[in-house]
Every structure is written in structure tokens, then in C-alpha cells.
Amino acid sequence: MDAQLLWLIPALPLAAALVNGALALGTARDAYGAPRALVALLAVLGPALSFALTLALWPSAGGPLEGLPEVYRATYFTWFAGSGFALPFTLVLDQLSALMLLFVTGIGALIHLYSVGYMWADRGFARFMCYMNLFMAAMIVLVMGGSLPVTFLGWEGVGLCSYLLIGFWHERTAYADAARKAFVYNRVGDLGFLLGAFALLSVAGSLDYAAISQWCRSADAARLAEAGPLLSLAALAIFLGCCGKSAQIPLAAWLPDAMAGPTPVSALIHAATMVTAGVFLVARLADLYVVAPQALTVVLLVGCATALWGAIAGLVQHDIKKALAYSTVSQLGFMFMAAGSGAFSVALFHVFTHAFFKAALFLAAGAVIHGLHHEQDMRRMGGLRPHLPIAYLAAFYGWWAIVGLPFAAGFFSKDLILEHLWLGHNELGALNIAPLVAGVALLTAGLTAVYMTRVMTLVFWSPCRLDAEARAHIAPTPLTMSVPLLILALGSLVAGFAWVGLPLDALGIPPDALAFIKHYLAPVLAAPEQRWLAAHPHGELGNLPWAIAGVGTLVAALGALIGYAVWRQGPAQVPSAGSETAPSGWGGHWTFAWDRLAEWLIVKPVFALGYALYWVIELAILGISGWLAMQAARALGAGYLAVVQRARLRANLLCAVLGGAAFLAVVIVFVVR
Amino acid sequence: MPTDAAFFTPIHVQVLAALLFGLGLTAALARRDLFIVLMGIELMLNAVNLSFIGFARSHAGSASTLGQLAPLFTIAIAAAEACVALAMVVLLVRQQDTVDTDARSALKD
Numbered sequence: 001m002d003a004q005l006l007w008l009i010p011a012l013p014l015a016a017a018l019v020n021g022a023l024a025l026g027t028a029r030d031a032y033g034a035p036r037a038l039v040a041l042l043a044v045l046g047p048a049l050s051f052a053l054t055l056a057l058w059p060s061a062g063g064p065l066e067g068l069p070e071v072y073r074a075t076y077f078t079w080f081a082g083s084g085f086a087l088p089f090t091l092v093l094d095q096l097s098a099l100m101l102l103f104v105t106g107i108g109a110l111i112h113l114y115s116v117g118y119m120w121a122d123r124g125f126a127r128f129m130c131y132m133n134l135f136m137a138a139m140i141v142l143v144m145g146g147s148l149p150v151t152f153l154g155w156e157g158v159g160l161c162s163y164l165l166i167g168f169w170h171e172r173t174a175y176a177d178a179a180r181k182a183f184v185y186n187r188v189g190d191l192g193f194l195l196g197a198f199a200l201l202s203v204a205g206s207l208d209y210a211a212i213s214q215w216c217r218s219a220d221a222a223r224l225a226e227a228g229p230l231l232s233l234a235a236l237a238i239f240l241g242c243c244g245k246s247a248q249i250p251l252a253a254w255l256p257d258a259m260a261g262p263t264p265v266s267a268l269i270h271a272a273t274m275v276t277a278g279v280f281l282v283a284r285l286a287d288l289y290v291v292a293p294q295a296l297t298v299v300l301l302v303g304c305a306t307a308l309w310g311a312i313a314g315l316v317q318h319d320i321k322k323a324l325a326y327s328t329v330s331q332l333g334f335m336f337m338a339a340g341s342g343a344f345s346v347a348l349f350h351v352f353t354h355a356f357f358k359a360a361l362f363l364a365a366g367a368v369i370h371g372l373h374h375e376q377d378m379r380r381m382g383g384l385r386p387h388l389p390i391a392y393l394a395a396f397y398g399w400w401a402i403v404g405l406p407f408a409a410g411f412f413s414k415d416l417i418l419e420h421l422w423l424g425h426n427e428l429g430a431l432n433i434a435p436l437v438a439g440v441a442l443l444t445a446g447l448t449a450v451y452m453t454r455v456m457t458l459v460f461w462s463p464c465r466l467d468a469e470a471r472a473h474i475a476p477t478p479l480t481m482s483v484p485l486l487i488l489a490l491g492s493l494v495a496g497f498a499w500v501g502l503p504l505d506a507l508g509i510p511p512d513a514l515a516f517i518k519h520y521l522a523p524v525l526a527a528p529e530q531r532w533l534a535a536h537p538h539g540e541l542g543n544l545p546w547a548i549a550g551v552g553t554l555v556a557a558l559g560a561l562i563g564y565a566v567w568r569q570g571p572a573q574v575p576s577a578g579s580e581t582a583p584s585g586w587g588g589h590w591t592f593a594w595d596r597l598a599e600w601l602i603v604k605p606v607f608a609l610g611y612a613l614y615w616v617i618e619l620a621i622l623g624i625s626g627w628l629a630m631q632a633a634r635a636l637g638a639g640y641l642a643v644v645q646r647a648r649l650r651a652n653l654l655c656a657v658l659g660g661a662a663f664l665a666v667v668i669v670f671v672v673r
Numbered sequence: 001m002p003t004d005a006a007f008f009t010p011i012h013v014q015v016l017a018a019l020l021f022g023l024g025l026t027a028a029l030a031r032r033d034l035f036i037v038l039m040g041i042e043l044m045l046n047a048v049n050l051s052f053i054g055f056a057r058s059h060a061g062s063a064s065t066l067g068q069l070a071p072l073f074t075i076a077i078a079a080a081e082a083c084v085a086l087a088m089v090v091l092l093v094r095q096q097d098t099v100d101t102d103a104r105s106a107l108k109d
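From first to last, the protein sequence lines stand for chains A and B.
Under the numbering used here, residues 1 to 673 are what the first sequence spells out, in order.
Under the numbering used here, residues 1 to 109 are what the second sequence spells out, in order.
Simulated from the structure, these hints should not be mistaken for lab results.
As the structure is a prediction and not an experimental result, all values here were calculated from the model.
Some hints could be false.
Beta-carbon label-pair distances, calculated as ranges [what the hints assert, rightly or not]: (1) A:A221 with B:S62: 31 to 39 Å; (2) A:L8 with B:V89: 24 to 32 Å; (3) B:V89 with A:M630: 46 to 54 Å; (4) B:E81 with A:W79: 23 to 31 Å; (5) A:D122 with B:I53: 23 to 31 Å; (6) A:A577 with B:V84: 42 to 50 Å; (7) A:Y32 with B:S62: 24 to 32 Å; (8) B:A63 with A:A22: 27 to 35 Å.
Residues from chain A that keep clear of chain B, each with C-beta distances beyond 10 Å, as calculated [as the list claims (entries may be wrong)]: (9) G82; (10) L153; (11) H170; (12) Y175; (13) I369; (14) H473; (15) A527; (16) E599; (17) W600; (18) L613; (19) L649; (20) L653.
A short list of chain A residues far from chain B (calculated; beta carbon distances all over 10 Å) [to be verified]: (21) A22; (22) V71; (23) F77; (24) W120; (25) P149; (26) F198; (27) S218; (28) S232; (29) L533; (30) H538; (31) W594; (32) I624; (33) L654; (34) V657.
Note that CB positions come from ideal geometry on N, CA and C, so glycine has one too.
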């Protein structure tokens with residue numbers, strides 16, 4: 001197919017978004033809203049066609065040794081230009097963006113289908129679908145952007161859609177607040193993105209990814225040493241942007257609140273696709289990060305801290321979606337740990353597997369919430385396995401994958417991350433911290449097993465805590481929701497084989513036939529990864545993969561056993577309907593640590609400054625001087641001054657204008673001439 | 001039909017900017033409604049932006065770039081100014097229940 005057709009991939013969902021938006025606006029005053037069948041058809045068709053196009057344009061996985069890889073690259077117009085600088089609007093479909101597109105459009109289409117069932121009864125159905133389609137278009141632009149500004153266009157687009165969808169039910173003040181919180185946290189990150197882009201422009205002279213990579217690869221040691229501080233600054237600033245988008249410490253606190261949005265939104269935007277954009281960007285700029293090793297160490301440490309924090313926070317949540325949200329934060333930490341140890345393709349592999357199992361888990365949670373008529377408190381669930389079999393199936397396979405028990409998707413990606421951390425080499429001073437991080441990662445993997453098993457136990461395996469009436473009214477899962485659940489359950493089970501392949505020699509299929517991701521990303525990521533390995537050599541691999549598989553499985557099984565043993569009877573007490581679900585006590589302190597930090601570091605100082613200005617300037621200085629002026633005017637004879645003091649804003653303004661004009665006239669006549 | 005370049009000479013742009021500025025100034029001076037006064041000020045700012053853009057078009061090189069950049073700063077600052085001004089209007093309305101600039105004066109009383 002022709003490379004010039006690339007624009008169709010983002011344009012199809014965008015067109016669906018425009019039509020659905022027009023339908024939503026056109027029927028704004030009707031009681032029922034836009035015709036739902038039409039809206040649903042358009043909304044699902046847009047992403048599905050994008051998925052088909054991605055497959056049709058799928059770049060072949062030619063390795064670096066087999067000549068140039070087949071990459072689609074299309075430049076459409078000059079976005080903006082200044083003296084000595086022009087920015088073409090370029091879309092790229094290389095192996096990296098193709099892999100991202102594969103699950104962004106594929107899982108995206110499935111979640112759109114699921115949304116049809118989930119949101120059907122909502123009055124804002126067309127508006128919802130419009131935002132979802134718009135999100136797809138922006139996410140595709142983010143992934144396909146050929147330069148930082150084009151990616152930034154999509155980056156801001158997904159941020160906007162995230163804001164709109166978190167606050168979709170904006171009649172609830174808490175939900176609107178959550179949307180604003182996400183928006184503000186992302187602005188902080190975006191500032192980093194922009195500063196990093198400007199720094200990169202001043203070093204490498206271009207914002208185009210290919211040119212940046214080329215510069216980093218070809219610069220000799222002297223040039224790198226000269227540009228070193230600026231390169232590190234660029235890498236760190238862009239990583240701040242990634243922290244905002246991917247909810248890493250210190251910008252992690254918005255993602256759990258983002259669960260205010262409808263559950264398909266949580267699955268699509270806040271689990272499978274948008275939040276992985278940070279990992280994608282670090283991988284996209286891998287050539288930059290390997291020449292800024294200190295920045296990569298920061299990536300590793302931030303990922304490690306976030307993974308551990310998120311896993312512990314996930315342990316104390318009562319709201320099913322909040323538990324999954326902290327799990328997402330923790331898993332994103334795993335991805336950044338992989339990227340931080342120089343294993344960018346492994347990070348992308350975990351992005352890929354996580355998209356399947358976390359989408360499956362979230363959609364299953366959505367089916368549970370749908371079935372229980374918007375009950376989200378896990379303490380009030382239990383024993384739902386016979387009532388919601390499809391949701392249970394998807395959740396079970398998602399659980400299997402995320403816990404990392406053998407042969408499901410997360411098993412392979414988690415083991416690879418542990419392996420690279422254990423063998424890796426990241427200096428902090430004179431210390432090699434990578435093996436230490438591997439220890440924390442293993443602990444986090446164990447905690448993951450505990451909290452995910454806790455969720456499964458509280459929802460499905462423990463005794464049912466619903467009263468008889470609620471049990472009789474559990475809503476069945478409609479077909480539009482069941483189909484995506486089953487496909488994603490299957491994906492959670494088999495996505496891992498995309499790296500390791502399957503021993504199918506007996507059937508005449510070569511062993512590496514399915515293992516496409518392992519070599520697939522090589523044309524984009526092999527050069528930076530090999531450069532990193534050359535500078536930070538790994539130890540002997542030996543039997544390590546088997547050892548890690550064994551230890552990892554053992555830790556996961558142990559965590560799962562603990563999780564089941566502790567919570568198999570359900571919670572100590574069942575709260576009444578509508579009671580507070582936020583954890584209290586030490587769990588609350590741990591969960592909201594970053595909110596509290598932001599409150600103490602930013603919110604309270606700003607308020608204090610405001611009060612200080614009010615007391616000092618408004619009351620003390622202006623009040624006293626105003627009072628003095630008034631007394632002086634009275635003493636001097638109020639009668640005369642009252643003529644000048646007309647208390648007419650317009651008259652004052654006119655005097656100011658006349659004065660300014662007179663001043664200008666004097667300057668022109670006597671100075672400029 | 002003349003082409004754009006022949007139709008909009010630099011003088012045309014500057015005259016249009018001056019007209020807009022005059023309109024804004026008139027609105028700011030003559031009206032008593034605070035909102036209209038603020039809109040007049042915004043109009044004056046935009047007239048200056050237009051003037052900058054006109055000069056950016058008729059100059060070459062870095063002078064042109066500067067002429068394009070200055071409005072970006074003006075727009076950013078005008079946005080901040082509008083925020084502050086509208087917040088003050090809201091406070092004023094809460095306190096005095098009117099947007100009439102001639103209504104009352106704290107200093108005179």
C-alpha cells in the first residue's frame with residue numbers, strides 16, 4: 001500500500017468523532033438523544049478500520065542485518081516555519097509505532113464495542129462516543145508522529161480527551177475535580193516535555209526523531225561531552241513529561257482519581273493506551289537516553305519507587321477500580337524499570353502484554369459494576385463467580401497474567417524485566433544499583449500477586465455479601481460486552497508468546513514464527529540497546545532465565561496463597577451502601593502520600609502567600625496609606641480636591657489616555673524628530 | 001480580483017489596526033459597563049497585535065520573526081490580564097452588585 005495513505009489511520013476515528021459530535025450537538029435538546037445504533041456503528045467502525053489499515057500497512061520486520069527495514073514515512077505539509085527553521089508535518093509507521101498501533105487500534109476497537117453495551121442507557125451516549133473516537137485519533141497521532149511537535153499534538157489531544165472523559169459525569173463535583181486534577185498534573189509534565197524539546201532542538205538542531213537519533217548515533221565523544229549537561233537536561237525534562245502522562249512519582253496522584261470516568265475509559269485511556277505513552281516516548285528517544293546515562297538511572301529509580309508504592313497502595317483499596325488503578329501505576333513503574341536498564345524493547349513488550357491483561361481486568365471490573373448497578377466497593381461483593389461467568393473468566397485470565405504465573409502474558413514480560421535488571425548496570429555514584437532494583441522488583445512482583453489475589457478473592461471467591469434482593473437483580477453481561485471480554489481474556493493468555501514463540505516444530509511451524517516482538521523492534525531499538533550494552537556489559541546469562549522463571553513463579557504463587565488465605569472469608573466487616581471507600585489509617589497515609597506532599601509543597605504555600613499579600617499589602621500598606629491620603633486631603637481642604645477626584649473611572653481613564661498621548665507627542669517631537 | 005498582496009498593502013493593515021484601536025479606546029472610555037470596558041481593552045490589545053503582524057509582513061528576516069513573536073507574548077499576557085480583570089469584576093459584583101463603573105467609589109465616600 002501507499003505510504004501517502006498513512007493519514008487515513010488517524011483520520012478515520014477523527015471523522016467518526018466529528019460525525020458523532022455533530023449528532024450529539026444536533027440532538028442536544030431531544031429527550032432521547034442521537035440515534036444510538038448509528039452512533040455505535042460509526043464509533044466502532046472508525047477504530048476498527050484503523051486497525052485493518054494498520055495490518056494492511058504492517059511494516060515487515062526486517063532486521064538491521066537484512067538491509068534497510070521497510071518503513072512508511074509521509075510528509076504532508078509544513079506545519080510552521082520561521083527563519084532557518086521549518087517543521088514538516090510527518091507521520092511515520094515504523095516497527096515501534098506499528099507495534100503501538102496494533103494494540104491501540106485493536107484493543108481500542110474492542111473497548112469501543114464494549115462501550116456500546118456499557119453506555120447504551122446513558123443519555124450522553126453520542127457525546128461519549130465522540131470523545132472516545134477523538135481520543136483514538138489523538139493517540140494514533142501521538143504514536144505515528146515523526147517529530148516531537150507532532151507527537152505533542154497527539155499528547156495534548158489525549159490529555160484533553162482524558163480530561164473530558166474523566167469528567168464525563170460532570171454533574172458530580174468530585175468527578176469534575178478529578179478531571180481538573182488530571183489536567184493540572186499533566187500540564188506540569190507538559191512543561192517538561194516542551195523544555196526538553198527546546199533543549200533537544202538547541203543540541204541536535206532538529207525535532208525530527210530520525211534526525212535526533214542520527215545526531216546521537218554519529219556524535220563523537222568530544223561533542224557528546226560538550227553537549228552532555230544539555231542532553232541530560234533534555235532527557236530528564238522529557239522524562240518529567242512522561243511522568244505526568246504515565247503517572248509516575250512525583251506526578252502519580254492523578255491516575256487513581258481518574259477512575260471517576262466510566263469504566264471503558266479507565267480501561268482504554270487509563271490502563272491500556274494513553275498512560276503507556278510515556279514509556280513509548282522514552283523508547284522513541286532511546287538513542288538520546290543511552291547517551292545520557294544519568295537520566296536513564298533516574299528513569300530506573302523513579303520506575304522502581306513507583307512500582308513499589310503503587311503495589312502497596314493497591315493492597316489497601318476498597319474500590320475495585322482504585323485497586324486496579326494503583327496496579328496500573330505499579331505496572332507502569334515496571335515498564336520504566338525495564339527502559340531504565342536499557343532494555344527498551346522489553347519495556348515495550350510489557351506495554352504490549354499489560355494492554356491485554358489490564359484491559360481484560362478493567363472490562364471485567366466494568367461488567368461487575370454494570371451487573372451490580374454501580375456498586376464499586378469490593379467489601380460489598382463476593383461470590384460473584386456463578387452470577388457473572390464471562391466477567392469472571394476474563395478477570396481470571398487477567399489475574400493469571402498480571403500475577404505472572406507460568407505461560408500467561410505477564411509471566412514472560414515480568415521475567416524478562418527481572419532478568420535485565422539483575423544483569424544490568426546502572427551507576428549511582430560508584431554503586432551498581434540495577435541488581436538492588438531487581439530485588440525491589442521481585443518484592444513488588446510478590447506484592448502484585450497478593451493485591452490482585454485479594455481483588456479476585458473479595459469479588460469472586462469469598463462468600464457472597466449481597467443481600468437476597470441485590471443477588472436477584474444482578475444484571476447479565478450483554479453480548480457487546482462479552483465478546484471483547486472473551487477476546488481480551490484470550491489475549492491475556494497468549495500475548496506473551498509473541499516474544500518467546502511456541503514449540504510447534506511438530507506441526508511444521510518454525511519455532512520463531514510467532515515470536516515476532518523479540519526481533520521486530522530491532523530496526524528501531526537494536527542500535528541504542530547494543531550501544532548501552534557495550535558501555536554497560538551484562539554478565540553471563542547462563543541458566544538465569546530458568547532461575548528467574550522458577551523464583552518468579554514461586555514468589556507469585558506465595559503471594560497468591562497469602563492473598564487468598566487472608567481474604568477468603570471476605571472483609572472483617574461489610575460497610576453499608578454508599579459509605580466511604582478511601583482507605584484510612586496508615587493505608588490512607590501511604591495512598592495519599594503524594595497528594596499530601598503536593599499539598600504541603602505547593603497548595604499551602606500558595607495560600608499562605610495569598611493571605612500574606614492580603615494582610616500586608618491590601619490591609620496594612622494600602623489601607624494605611626489610603627487612610628493617610630484621605631486625612632491629608634481633608635486637612636488640606638476637601639472642597640478643592642473634590643473637584644479633581646471625580647470618582648469616575650471613565651474620566652480617570654481619559655486622563656490616562658490624554659497623558660500618554662501627550663507624553664508620546666513630546667517624545668516624537670523632541671527625541672525622535 | 002486583485003491578489004491578496006496588492007489588495008492588502010502594509011498601509012491598509014496599519015489603518016485597520018488604528019481603526020480597531022480607536023474603536024477599542026472609544027468603548028473603554030465611553031461605556032459604563034465594566035465588561036464592555038474590558039472588551040474595549042482587549043480590542044486595543046488585538047489592534048496592536050494586528051499592527052505587529054502587518055509590520056512582520058512588510059519586513060524581512062529577524063525583524064519579521066520578532067513581529068510574529070511579539071503578538072504571542074501579548075496574547076499570553078492578555079490572557080493573564082483577562083483572568084485577573086474578570087476575577088476582580090466578579091469580586092466587585094459580589095461586593096456592590098453592579099458592573100456600572102459610575103455607581104460607587106470607595107475612595108470618595
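Status of each hint after checking the structure:
About 35 Å separates the C-beta atoms of A221 (chain A) and S62 (chain B), a value consistent with the hinted range of 31 to 39 Å. A hinted range of 24 to 32 Å is violated for the C-beta pair L8 (chain A) and V89 (chain B), which are about 48 Å apart. At about 25 Å, the beta-carbon gap between V89 (chain B) and M630 (chain A) misses the expected band of 46 to 54 Å. The hinted window of 23 to 31 Å between E81 (chain B) and W79 (chain A) holds, with their beta carbons roughly 29 Å apart.
Look at D122 (chain A) against I53 (chain B): about 45 Å separates their beta carbons, and that is not inside 23 to 31 Å. Roughly 45 Å separates the CB atoms of A577 (chain A) and V84 (chain B), a value that falls within the hinted 42 to 50 Å. At roughly 59 Å, the beta carbons of Y32 (chain A) and S62 (chain B) sit outside the given window of 24 to 32 Å. One distance hint, 27 to 35 Å for the beta-carbon pair A63 (chain B) and A22 (chain A), is violated here, with the actual separation near 44 Å.
Non-interface status of G82 (chain A) relative to chain B is broken: a Cβ of that chain comes within 10 Å, the nearest being about 6 Å off. For L153 (chain A), the condition that its CB be more than 10 Å from all CB atoms of chain B holds, with the nearest at approximately 18 Å. With a least CB separation of 21 Å from chain B, H170 (chain A) remains clear of the 10 Å interface cut-off, as annotated. Distance check for Y175 (chain A) against chain B: the nearest CB is about 24 Å away, which clears 10 Å, and the non-interface claim stands.
A cut-off of 10 Å between C-beta atoms confirms that I369 (chain A) is not in contact with chain B; the least separation is 39 Å. At roughly 47 Å from the closest C-beta of chain B, the C-beta of H473 (chain A) stays outside 10 Å, upholding its exclusion from the interface. In this structure A527 (chain A) is separated from chain B by more than 10 Å, as the shortest Cβ-Cβ distance comes to about 36 Å. Annotated as non-interface, E599 (chain A) keeps its C-beta farther than 10 Å from every C-beta of chain B; the closest such distance is 23 Å.
Residue placement check: W600 (chain A) keeps its beta carbon more than 10 Å from all beta carbons of chain B (closest about 26 Å). Listed as outside the interface, L613 (chain A) is consistent with that label: its C-beta sits roughly 13 Å from the nearest C-beta of chain B, beyond the 10 Å cut-off. With a least CB separation of 4 Å from chain B, L649 (chain A) falls inside the 10 Å interface cut-off, contrary to its annotation. For L653 (chain A), the requirement that its beta carbon stay farther than 10 Å from each beta carbon of chain B is not met, with the minimum near 6 Å.
Interface exclusion of A22 (chain A) from chain B stands, the closest Cβ pair being 29 Å apart, more than 10 Å. Under the 10 Å C-beta cut-off, the non-interface status given to V71 (chain A) relative to chain B holds; the minimum distance is some 34 Å. Listed as a non-interface residue, F77 (chain A) keeps its Cβ farther than 10 Å from every Cβ of chain B; the least gap is roughly 19 Å. With 10 Å as the threshold on Cβ separation, the claim that W120 (chain A) sits away from chain B holds: the shortest Cβ distance comes to roughly 40 Å.
At roughly 15 Å from the closest C-beta of chain B, the C-beta of P149 (chain A) stays outside 10 Å, upholding its exclusion from the interface. Listed as outside the interface, F198 (chain A) is consistent with that label: its C-beta sits roughly 14 Å from the nearest C-beta of chain B, beyond the 10 Å cut-off. Here S218 (chain A) stays apart from chain B, with its beta-carbon at least about 30 Å from theirs, past the 10 Å limit. At roughly 28 Å from the closest C-beta of chain B, the C-beta of S232 (chain A) stays outside 10 Å, upholding its exclusion from the interface.
Distance check for L533 (chain A) against chain B: the nearest CB is about 44 Å away, which clears 10 Å, and the non-interface claim stands. Annotated as non-interface, H538 (chain A) keeps its C-beta farther than 10 Å from every C-beta of chain B; the closest such distance is 49 Å. Once the 10 Å rule is applied to beta carbons, W594 (chain A) is consistent with being away from chain B; the minimum gap is 28 Å. With a least CB separation of 14 Å from chain B, I624 (chain A) remains clear of the 10 Å interface cut-off, as annotated.
A beta-carbon of chain B comes within 10 Å of the beta-carbon of L654 (chain A); the shortest separation is about 6 Å. Annotated as non-interface, V657 (chain A) brings its C-beta within 10 Å of a C-beta of chain B; the closest such distance is 7 Å.
In this structure, the earlier hints numbered 2, 3, 5, 7, 8, 9, 19, 20, 33 and 34 are contradicted, and the remaining ones agree with it.
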